[in-house]
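With the hints as constraints, model all of the structure from the sequences given.
Heads up: the protein sequence lines correspond to chains X and G, in order. For the record, in the first sequence the residue sitting at position 1 is 1 according to my numbering, with numbers rising by one throughout. For the record, in the second sequence the residue sitting at position 80 is 80 according to my numbering, with numbers rising by one throughout.
Simulated from the structure, these hints should not be mistaken for lab results. Given the structure is predicted, the values throughout are model-derived calculations rather than measurements. Where is the CB? At the ideal position from N, CA and C, for every residue including glycine.
Here are the simulated distance ranges between beta carbons:
1) G:291 with X:14: 45 to 51 Å
2) X:22 with G:128: 52 to 58 Å
3) G:112 with X:197: 30 to 36 Å
4) X:38 with G:102: 46 to 52 Å
5) X:231 with G:111: 41 to 47 Å
6) X:38 with G:116: 37 to 43 Å
7) X:133 with G:234: 52 to 58 Å
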Amino acid sequence: MTILLSIQGVSKHFGGLQALTNVTFDLPEGQILGLIGPNGAGKTTLFNVVNGVYPPEDGRVIFRGKDVTTTKTYYHARMGMARTHQIVQPLNELTVRENVIVGACFGRENQSLRQAGMVAEEVLEFLGLLPRIDQMAGSLNVAEKKRLEMARALAARPYLLLLDEVLAGLNRAEIAMMVETVRNIRQQGITIIMIEHVMHAVMNVSDRIIVLDYGQQIAEGTPEEIAVDEKVIEAYLGDPKLAQRLMEQND
Amino acid sequence: MKYWRNHIGLLFPLLAITGMVLWPILTGNVSNREIVFTILKAIALASSLNILLGYTGYVSFGHIVFYGFGGYIGLYLVNEQGWSIWMGMLAGGISSGMLAFMLGKAILRLRGAYFALATIGINEAMEAFINNFDLFGGPIGMTLNFSVYRAYGGTAQALSMSFYIMVVLTFASLIVSHLVRTSKFGLGLQAIRENEDAAEVMGVVAPDAKTWAYVLSAIIPGMVGVLFFFKNGNVEPHVAFPLHASIELLVMVMLGGQGTVLGPILGALAYQGMRGYLVTSNFFKDIQLSVSGVLLLLIVLFIPAGAIGWLRHRFSSLRRVLA
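Here it is in structure tokens:
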């Protein structure tokens with residue numbers, strides 16, 4: 001089993017706020033890792049550190065054997081890391097097609113415009129956005145914008161996909177569709193880390209879950225282990241029976 | 001067939017310029033030629049500024065610095081060192097490009113209003129520097145030794161040749177604009193315009209892309225500067241670095257529609273037309289710049305995307321044709 005991403009003792013603070021404390025884990029290729037925890041636990045901060053938005057004060061981030069602790073986001077993109085944003089960041093005045101072409105052009109495969117155009121159509125079909133392809137990205141609704149974020153990320157043909165709350169704000173039907181999409185992405189061999197608050201979804205989809213609380217890793221394990229972990233129940237899930245119910249609920 | 005579809009956006013711009021160029025040639029009228037020269041100059045400058053302003057989304061209030069700086073270098077080489085106008089223009093363009101490269105490394109990390117302010121500062125600093133630089137004549141500037149024209153067949157010939165060089169530069173600026181717009185590089189620039197952070201996350205190397213956009217937008221203004229001062233016969237600091245000309249360029253680009261190839265042409269044409277009327281009218285001749293201020297205000301308030309942007313928005317079927 002190859003290790004795709006290795007987080008080694010990463011710490012980050014903003015002024016007096018300790019956002020991440022000594023976070024350490026390895027992510028093998030092909031896994032779906034769920035990242036959960038209360039609001040403000042440091043999940044998005046961890047994404048930003050992994051993705052090169054800002055460097056950590058301490059620790060190292062190793063991606064595909066290279067130290068990427070202090071490199072910039074565009075370098076990470078070239079190396080095969082793609083992400084979606086919790087708050088969607090569409091390129092409003094460009095069409096849906098152009099948005100995705102940007103992802104394909106400047107991502108890992110560094111494609112030409114012509115190739116990228118074909119990749120864009122393929123990816124947009126996969127995500128059900130083909131009818132919107134020539135619309136301005138700014139005119140999409142929230143659910144579509146989230147799928148556009150995914151499309152851009154996928155078009156880069158990444159090795160690692162960072163999904164930041166792609167289910168938030170979606171209705172039940174949309175969530176079911178998105179969960180199916182995430183599974184399909186994994187089948188393409190892409191490794192995924194997903195931050196998620198929709199518990200039944202993350203429990204169902206993840207191979208492994210890491211729980212953050214106040215920047216600390218308080219638990220790590222399979223969904224089954226996490227659901228019965230006392231610390232997790234106390235910090236996040238709240239009700240022990242709730243965890244059990246979440247596990248039984250199937251999408 | 002498909003190949004031509006990609007370039008259909010260039011059709012209107014080329015036709016518009018060709019029409020403008022034919023007018024003085026067919027009428028054989030020198031004063032018409034001068035009018036068209038002024039318009040073409042505005043188009044070439046506005047179109048170059050558009051690469052930075054329209055595609056990349058960075059507002060440069062001091063873009064005229066490249067025109068003045070390149071012009072000074074080129075005129076000095078032509079006048080004092082005996083270079084030909086061709087080599088002088090090349091040197092002027094390269095100098096402006098290099099200036100933009102160095103400035104880009106320094107100030108393109110600034111965003112929004114801070115970058116705009118920095119560009120004003122650079123223009124003013126350059127004017128102050130040239131004012132005190134004796135090699136370039138200091139505050140008096142340089143006057144072209146008219147014997148230079150002899151190499152081109154006399155004054156009348158040289159002036160007529162300048163017009164045709166201006167035509168070529170204008171076409172070049174439009175082709176550059178179109179190529180940037182339809183290239184991968186240009187797509188990266190547009191991504192930066194829309195959301196620089198998101199563009200970087202997707203792999204656009206924003207610092208490099210911005211710097212090259214800045215360089216590209218500076219080269220043709222540098223060449224235009226050399227040509228204009230050559231034709232004009234002299235150059236002075238306040239003629240080379242007029243801050244109001246930078247602002248007029250912004251108005252032209254925004255009036256026609258930033259981020260389009262056709263926009264700066266329409267904007268420059270409309271603005272120069274209006275200006276021609278204003279400076280000759282008794283009422284407006286002293287306050288014509290305030291009219292452009294009001295115009296800028298109205299554009300920003302009511303048609304922020306400019307005329308072409310507005311048309312493209314209203315009639316989406318025009319999107320392919322009005323590039």
